[in-house]
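Q: Quick mapping for you: the protein sequence lines, in order, are chains W and F.
If you read the first sequence in my numbering, its first letter stands for residue 1, the second for the next number, and so on.
If you read the second sequence in my numbering, its first letter stands for residue 1, the second for the next number, and so on.
Source of the hints: derived by calculation from the structure; they are not laboratory data.
C-beta atoms are modelled at their ideal positions from N, C-alpha and C, and glycine is treated no differently.
Please note that a few of the clues may not be correct.
Unchecked claim - Chain W regions said to be covered by chain F (calculated; three or more residues, Cβ under 8 Å):
no., region
1, 105-115
2, 149-155
3, 180-188
4, 211-224
2 protein chains.
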Amino acid sequence: MGGVGPERLSLNTATVREQWGLAQCIDGCARHGIGGIAPWRDKLHEMGVAAAAKAIREAGLTVSGLCRGGWFTATGTLGQEVIDDNRRAVDEAAEIGAACLVMVVGGLPDGSRDLSRAHALVEEGLARTLDHAREVGMPVAIEPLHPMYAADRACVNTMRQALDICDRLGEGIGVACDVYHVWWDPDLYDQIRRAGRERLLAFHVCDWLVPTRDLLTDRGMMGDGVIDIPRIRAAVESEGFGGLNEVEIFSALNWWRRDPDEVLATMVERGRISC
Amino acid sequence: MGGVGPERLSLNTATVREQWGLAQCIDGCARHGIGGIAPWRDKLHEMGVAAAAKAIREAGLTVSGLCRGGWFTATGTLGQEVIDDNRRAVDEAAEIGAACLVMVVGGLPDGSRDLSRAHALVEEGLARTLDHAREVGMPVAIEPLHPMYAADRACVNTMRQALDICDRLGEGIGVACDVYHVWWDPDLYDQIRRAGRERLLAFHVCDWLVPTRDLLTDRGMMGDGVIDIPRIRAAVESEGFGGLNEVEIFSALNWWRRDPDEVLATMVERGRISC
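Chain W extracted, bound-state conformation (with noise of 0.2 Å):
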């Protein structure tokens, strides 16, 4: 496989959250010759939607995605304002040239066992936000979570259901393929092969390590962990994927104290033998 060079990563900024802005982290990706970044939205608002774009642009990155629209099920209804919204997030999509908008779906409402009813909410919730972001030309890409994220952050949790969704949606939606969420998924290479080059949108790649110490933020540098994360790249580009290794580590036990320098230097060293 070789793994990548830098220019075939983007730094997703969760990576370095609790050290950078988005302009820091700007800077420190040319500083390290990384190809791209994916801001979220509280870092990208921070900055400003209209400088961020300029920075971007001026520092000659691709933006491999923003994080993140989605959460529609949290009121148990799909209120105006999750709507508007989503449909904010996709213009900030479009204003910074994102390759997609990763959506993050939302786990079950407040004080509901229904998960039949979240999944109902969802798929609404995507179908009117993609009216919107088919006007635009942003692709909404799903992104499964880890099952352990089922209740709390995200009822889509195999890349089997999400292309299941996208089927029933139609064109300009498809998924955020996330090594950390679909690793363990035996059906994960078949699914690939379904999504194909068009529904694959965004790749992002750290690792799960053995012990997990918390369920949300011990994710792990690639290599660090036990995901084979050069086969399923493989499997990925040879649908055709040609987007970015999208590095998003939540790490608040050791990436998230560390000098965020040493932080890309490791990133960019792993992203040559690990991936």
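Got chain W sorted already, so can you dock chain F onto it with the hints?
A: Frame of chain W, contents of chain F only:
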């Protein structure tokens, strides 16, 4: 749905594993009117298999399962030791009159990222165990574990995957459906139907807490989390499953610290209202 009476519950000894040995569990079940028990092998060995079989019989308890066989992958080859140990587990299950031997199949071999290899080891191990289990007439139940255990406990993580294995291996093998591991799966109800009466060998209940503070030992009492247990139970029972509702709660932070009689009383109460 209406919940279930204590005679329809089974106590998995893991639920009070820090407080009670098997003899105390047997007495506790009798005292609380609980219909069955499911020992873990360490507790069974401590008491002695023959003594346990006699005490369980005299208490009139059903044995909903023996936990656990499996663990085929640890060394990366299927050694005679693990084959022999599973053979012994089959014999122990038969000796105590268990409804099935529950299999936790094992995760990735130490230092490996090769999930396909792990899957192959598991299937070979199950096949070889099944040879003996069929002779003895002991049903083998694959327990798909939650995907968050794929690396270090079990690389069979969905009902679909378990049933695919069952289809390849033939008679005498089925699944243990534990709501904690499968509740999130959009494919769950289809796979329960697919399993049918013949492949549904055990039904385990507890609850998924939000937040979950530990990957292994923060399971909830029925009713304290987000799992729609009555719906899953109804699906299993509509296939003709007539076994007990086995309560298996790993809870270092809560139930393992309580008076075990309080745990059993709560379990009985929650059986009535939250199952």
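Q: Each hint: holds or not?
A: How the hints compare with the structure:
1. Only when three residues or more bring their CB closer than 8 Å to a CB of chain F does the claim for the region 105-115 of chain W stand; here the count is 5, and the claim holds.
2. Residue count for the region 149-155 of chain W with a Cβ under 8 Å from a Cβ of chain F: 4. That meets the three needed, and the coverage hint holds.
3. Coverage of the region 180-188 of chain W by chain F holds in this model, with 5 residues showing a Cβ closer than 8 Å to a Cβ of that chain against a need of three.
4. Closer than 8 Å: that is the beta-carbon criterion, and the region 211-224 of chain W has 3 residues meeting it against chain F, so the requirement of 3 holds.
In this structure, every one of the numbered hints holds.
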